[in-house]
Each structure stands twice: as structure tokens, then as C-alpha cells.
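Novice: All chains should be built: construct the whole structure from the sequences, respecting the hints.
For reference, the chains in residue letters:
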Amino acid sequence: MPWLKLERRIAVVFVGLVVLVMLLMLLLVQRSGEHIVAVESQRQITAGRMSFEALVDQNRRQLELAATVLSRDFSFREAIATQDRPTMISVLQNHGSRIGAHAMMAIALDGRVIADIQQAQRPGEAFAFADLLKAAEADGRASDFVRMADDRVYQVVVVPILAPVRIAWIVMGFPVDHAWARGLAQSSGLDVSLIDAAAGRVLASSLPESRHAALAQAAPGVKDMSGELVLDGDHYQGVALPLGQQAWVILLHSLEKSEAVFKELEQALLITASGGIVLFVLGSLWLARRIAGPVNALAATARRIAAGDYSDPVAVKSKDEIGQLAASFENMRIGIAARERKITRLAYEDTLTGLPNRVRIEERLDSLGPTAEAAVVVLDLDRFAAINDALGHPVGDQLLRQVGARLAGQLPPRAMLARLWGDEFAFLLEGMDRPAVRAFAEALLAALRTPMEVGGQRLDVNGSLGIAFHPADGSGLNALLQRAELAMYEAKRRQCGFMLAEEVGPGPLPEQLSLIGEMRDALEKHEFILHYQPKLDLASGCVIGAEALLRWQHPERGLVPPGRFIPFAEHTGFIREITPWLLAEVAAQTAAWHAQGLDLVVSANLSARDLLDPGLVVLVRELVASHGLPPAALCLEITESALMEDPTLAQAHLEELAAFGVKLSIDDYGAGQASLAYVKSLPVHELKIDQSFIRSLAGSPKDAAIVRSTIALGHALNFAVVAEGIETEADLAWLRDIGCDIGQGYFIARPMAAAAFVDWIAARDLAFPGM
Amino acid sequence: MAALDAGGAGFEVRVQSQAGAPIEDVAVVLEPVSGRVPQLKAQVSIEQRDREFVPYLSIVQKGAAVNFPNRDTLKHHVYSFSPAKTFEIKLYAGQPAQPVVFDKAGEVALGCNIHDWMEAHVLVVDSPWFGKTGADGIVRIAQVPAGRYRLRTWHPRQKTAAAAQEVVIGATPARRTELALDVAPREPRHKPPADSGSY
Ligand SMILES: [Cu+2]
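In order, the protein sequence lines correspond to chains A and B.
Our numbering numbers the first residue of the first sequence as 962 and each following residue consecutively.
Our numbering numbers the first residue of the second sequence as 27 and each following residue consecutively.
There are no misleading hints in this set.
Pairs of lysine-lysine residues, derived as DSSO-like cross-links and limited to a Cα-Cα distance of at most 27 Å, are as follows:
#, chain 1, residue 1, chain 2, residue 2
1, B, Lys88, B, Lys67
2, A, Lys1280, A, Lys966
3, B, Lys130, B, Lys88
4, B, Lys116, B, Lys130
5, A, Lys1095, B, Lys185
6, A, Lys1095, B, Lys217
Where chain B lies over chain A, by a calculated footprint (3+ residues, C-beta under 8 Å):
#, stretch
7, 1034 to 1045
8, 1120 to 1131
Keep in mind that the hints were calculated from the coordinates and are not lab data.
We treat Cβ as the ideally placed atom computed from N, Cα and C, and that holds for glycine.
Specialist: Shown next, in the form of C-alpha cells:
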């Protein structure tokens, strides 16, 4: 769950920071605790050591004082002077017990023991610590820590007995035992231990008995001892001081005691921190949920919107950032919903006519299922490109809208009308049998027959229909449209209104299909251009005319040769779209040349379709009239084969044209099988000998003979004879010599653009000024 | 200076330290090697003045009686534990009723049981010819009859006792005798000021 992640992340960041802070705090406390303990224990040791030394000194002074007091005791001195040992011992015992001095001796000036309370029976021995006496002699008194005969250590002082001159010494000593150590420990705040470094023995200690063994182990290194000492797992900070000849005092400060305070503090902190962290976890989870909750709701809404459900408005509950976000979401939801509606409309609707588009009709067809009975009817307007060019796109668009409206009026129930593109419309008819579809097609054609009123002009609109059936003619809109379009072109070719795909058969190859589509585009995009090839009057050498030749300047394929697309255009009937445009171009160009003073006769080629089109004569009339041309400035070239498709209708149309005054020419004469009798009956002015004969003039005497006889025959029938495909000067001369009227070919000039044609004539006039 | 002036030839001794410093309070005694020793009748006093014994050193012939007049307003308690003469005169003021008779030759250290610093020495000798050096370290013993004597010196703080030596004293004054002696300095002892009134 993604929202859990956000929630967890917020909590993790917050809690992580708190844990970090707490850890740092604990670390700080621990660190400073350690530092404070170290400093504090050092301070304790320093203070304790001073205290210890002061106490030892105080003890010494106390001993000295007591000894001095004793040394002044008159009766004691008397006892000494009189060698009264029992009295001496009793006085020593008495004084010793007063201050707790367990060692009490009187020593003669010669160093022999006079009296000793511990060894009353053995007087007269030499005092064991001669050095002490020597020091006392030098300084008047002395003190030290010594190990006595009882193997115990004493802090002793030696003071003289003066009467008033020195008569003896008093030795007085406190035992250095556990009680002594404990007393000093209490006053100094440190643990006090006395050890015999050499013997590794604890002589006295304030520490519990259990630690003496461990302490004794540390004895050998006591001289160098500094810093820490571990006894029984407890840590001590210590310092060692020499005491007397062999003994060392170790003052120890227990770190545990100091650390305990900090341990307690740390524990309290740990508890507080843990509690704080728990509170923080709960708090940040609560906060995260408060933040994440509305975000989750928004996320859910966003998912619904992503799934295409725009119905639920986004609830805006608060005015904070989340609320603003929710408001933005709501605006977005409304915007997206509106745009989707628009996009859907654009996707399924033809913007010009408001009819469904190709996508929509395709979806509808797909939704019917693979076995459903349905018919696709394609309608294409005739000569729409010419109308568009002549009257402009706005008029064309208006026309399309009107046509759309009119077709929509014919829509039967459970049928859909769509505009596919350009002037092509399609119907999807469901559940209609063939007779019903035929009847519908008739009704459509009838509906179109009524002229349209566009921009104040009455326009006659004709269309051709192609019909394909689902599933018999194919599955899928593309396949059905292809079949229906082929049928439609065939209907256009035959001028029969509509055709069924099954009557036409499967269509041309895919490459040709694409060519059809491209030719449509070419016409719309003005990729078709006209080149003009001069026609020369051989006798005079004057340019008397030009033949307009269709060229296709394809944006990707380059210049498409006429042989590649013109036959196909003728075959599919598309030529009926091209020819009106071509004638209009030729008329306009001819008029332009006439206006420049070039009185040329310009020829245009007509296909059989064109020739059989009843609209041809009307169109030619309109063009001639609109450009103010003499009809004879136009020459229409018709091939033999075109004539033979429907010789009767062709003748009728030719006669109309001839009556109007337009010149007519039989193209490619000699290649076909037109009978001379038929040709003779046509109102034709010109015969064009097929290029194949002219090209083989030099090499084939037989062809030369045919040309010669054709010229003679043409002249006999009162035709002007044209030789095209002239490529050599010799051929030109030969043709002129045998009386051919007009020549055309590369040797004279290649076909060229209209602008170049004018330049070419100007250049030729300069070269042959006499002509 | 309490020297006997018995006539006859004088005898002069000068005592100095190894370092050549004159030594005061050196007892110098001439004991005749043989013959009778006359007993002097002399009155000797060791005063207590200003909480001190005056003089520090007294030399008396055996049998002499010594008075201990107390010139202070406070009391003293004079004692001696010396074997030559053990005695004490308990707290007294003024002149004690009886003088103390030193009837045995030897060294006697005197102290006061009240004032620890008070110290005096009495050398009891068996001869009437003796004297003690002054601050210049010189002592003159007058009117010593001609004859053979043992010359003895003694000082309360001498480190080692000097051996006695024989001297012959003629009718004419002899040259001064030079002696060296090693003496420890007097131990300083605390003496509270007198006006404190605490004793
Ligand atoms: Cu006194």
C-alpha cells in the first residue's frame, strides 16, 4: 500500500531524528559522566591524599605531643634517673593507654632498651631502629613507620627525655592496622591500604577482607602504580605513597561510587528517552495518518479518474495544503472530463460536417460481430476537385456540409453515415438484404440529383456509389471500404451510379491502391503539373502549337512517369477527376499565352472516360467561354483505343465539340485498329502518327513507307498530319520533304514548363529571325 | 667569673673550637697529682632570674654549699637527677631555707620542673684551682702553687671528653695553654614571653 509508505516514512523520519537526538544525549551524558567521574575521582584522590597526609601528620604530632608530655613528667624522669623499671613501665602503660599508643618504650642514650610495655621481661636489648635514634639526635625528635618485633607496623615518634639535658628517649607508636586504615579512610574519603611491596602482603586496609588478595597481587608494581586498579571487578582510581622503609600506602577511590550516580542518571534518561520515543512513535503515526488520510482519499480519487470515472466530485474538506490540493484535483477532474468529452467528439466526429468519422464507423462495424449482416456503401462526388479549385475551398466545404446533411436525411434506421475524408462518405447499413441496399442506393442518387445552392450558386452534384457486404466481401472496415471503393470507381467509370463489390471483383494490387490514394492527394496538393511540348509547322518552321502533357511531381517518388499513373487513372476512372482540372489549366494557360501575343493551339489528351462523359462538352464550353478563347485555340487529342470503347457515343460527343469549334486530333494513329472508314466519318482535323513509326524511320524502310502512305492518306482526307517523336535532324528533313505538316519531338524541344516555353520561343525567334 | 685567688703563679688557658672560635663556659680544673688539697670556704649562688639559671655553669669544690635564690616573682622547682647530686627544691620563692651541699665530685645538671628551658650545670671538683672561659675563650687561674697538676677541661655540651693532661706549674707565670674542644651548640628551647602571665 503506497499510502502506508508515506505514513511510515513520516514516522520513520520523526522517530529516527528523536532516537538520534536521544542517543546523542545519552552519549553526551555518558561521555561527560566518564569525564566528570575521572576528574572527580582525580579531585577526590588529590583531596583525599592531602587529607591522608594531614591525618598522618596529625597522628605524628599527637604522638609527639603525648611523648613530649610524658618526657616532662617529673616522676617518670625520676624513675628513669633512678632506673626504676617497674615505675617506668607502669607510667608508659598509663600514658600509652591514654592515647591508644600500643608501642611505648624508653631507650637509653646508648640505644639500649630500658623499658618496653610489650616486652617487659627483656630489657637491655639494643633498640632495633638505630637510624631513628640518630635522626632524633640530629633533629631533637624523629618519627617514622616501622615494623616492630610483633610484626606489626607502627607509626612511631622518638622524643628525648630532658632533665634538663637528654637522659633517655621515649618511643611511642600507634599501631597501623585495619582500624587505623578505616579511621583514615573515613576521614579522607578514600580507601586506605598499607602493603608490604617486597613481601606482597597487605598489612592493613580499609577494604573488605575479600579484596586483600587482589590488592596484594597489585603490590609488586605498586611503585609504578597510577591510574586504575581493578579489584574484584570494581574499578578504582588510586595513588601509591611510600610509607616508612618498606611499606606503601595505596589510596583508592572507588569509581563505582561516582559512576553509580551517572548510571542512575543514565538509567533515568534511558527510561525517559524510551518513553519519549514511544510517545513520539504514536504521535508521529497519528500525525502521519492525519496527513496521509486525506492524501489517500485524493489518491483513490486520482485512481478513479485514471480509470476514466469522472463522476464523483473530489471532496474539499479543509483549507490547508491538502484542501488546496483537493480543490486542484477537483478542477483537474472537471477539466479532464470536459477535455475527454471533446477528445471523444474529435475522435469520433468529423468536424466539418458533424457526422461520425471513419474511426466511429469502424468501431460500430467491429461491435457488430464477425457474422453480422451489414453493408458498407461508399459515396464519392464526381469532379469535386474541379469544383474546389474553381470555386474555392470555402465553397467546397459548404458543399460537403450540404451533401452531408442531405445524405443524413436519407439515413434508414440502424444505419450510420460517416464522412471518410474529402468528398467520400460511407454508410453502414445493418440488416438489409441486397434488394433493399440497391433501393437505398437508388434513393441516394435520386436525392443528390436535386441541385445544391452553395454561396448563391446552383451546383449540379453527381456521385458514384460502391457497395460491399459484410461478411461476404470481407471483414473489417478497411477491407470492406477497399472493395466498396473499387466498386465505386468502376461505377464512376461506367457512369452507372453504383456498383456492388461482388460485381467488380477483388481490386488492384496494394501498390496501385496506394497510388489511387496518392493521386487524390496529388490533385488536392497540386502535385500534378503540365508540361508543354512545341508543335512545329514543318513547312514554315513556325511554332504553331503545343501539347499539354501531364506530369506528377511526387513529393517522395520524384517525377512519376505518365505511363505509370495515367493508364491507372483511366482504369480506375480517376482520370475523370483529373481531366476537368487539366482542361481548366490548359484553357487558362492558352488564354495567358494569347494575352502575351502567342497565338498557339494547345492540345490536351482525353481518355475514353472523358470522351464518354456527357459533361465534357459542357465543361469545354464553360472553359472556352470563361477565358474568352476562340474555340479553335483548343485541340483535344483522342487515342484510337479511346474511340473504340464506345464508338457511337464518342462520335456523338466529337461532333458536338467540333460543332462548337474545338479542334480534334486522333492520337497514336496507326497503333490501333480503327477502321479508316470510321476515322473518315469523324469530324477530326488532325492525325498524329504513332511515335513508334517515326522513331524507326531511319532503320526501317517499311515504317518509312507506312508513314509516307499515312501522310498521303491524311492529306487525301483533308487532315493535317502530325509526326511526333522526331529525334534527329534527318528525320525532320525527311518528314518535311515528304509533306508532313506538323512536327513534334525531342529534336525540336522537350516538353517544358509554361514559363520555360515562353523563354524557349523567345530564344528560338532570336536564332531563326526569319521564321 | 668566680676564680680563686690563692696567690702564687697564675695559669692561663684559651679554649677554641677546631675552627678557631673562642668557646665560652669551658670548665678548666687543675688537680694536683699528689699532696693535700685545701678546702675552700666559698659561698656559691645559682640564681633564678628572669626564668633562667644564672650562671649557666658553676664549678664548685666538693663539699660546697650552693644557694638557689629565686629573684623572680614566680616560683621555680629546681631539681637534679644527676648521680653526683640528686635533689629537688620544690616550688619556692625567694631564698630557700637550706643551701644544697654538693658533697660528691661529678657533673650535675640542673633543671626547673616548671620551666623546661631552664638549664644549669654544676661541675663538682676535688680541687680549689679551677675556672671557666669567658666569651673570649680565655680563663686565668691565679695563685696556683708550683707543682705537678692534671689539667682537665669540661663543657656541658662537649661532644667528647678531652683527656686530662699533666702540667707543671713553676714559680713564674707559664705561657698560656691553648686547647681545642668540640662543643655542640646550645639547643634552642622555646621560652614563652614573660609578660604573657600564663605561669
Ligand atoms: Cu623555674
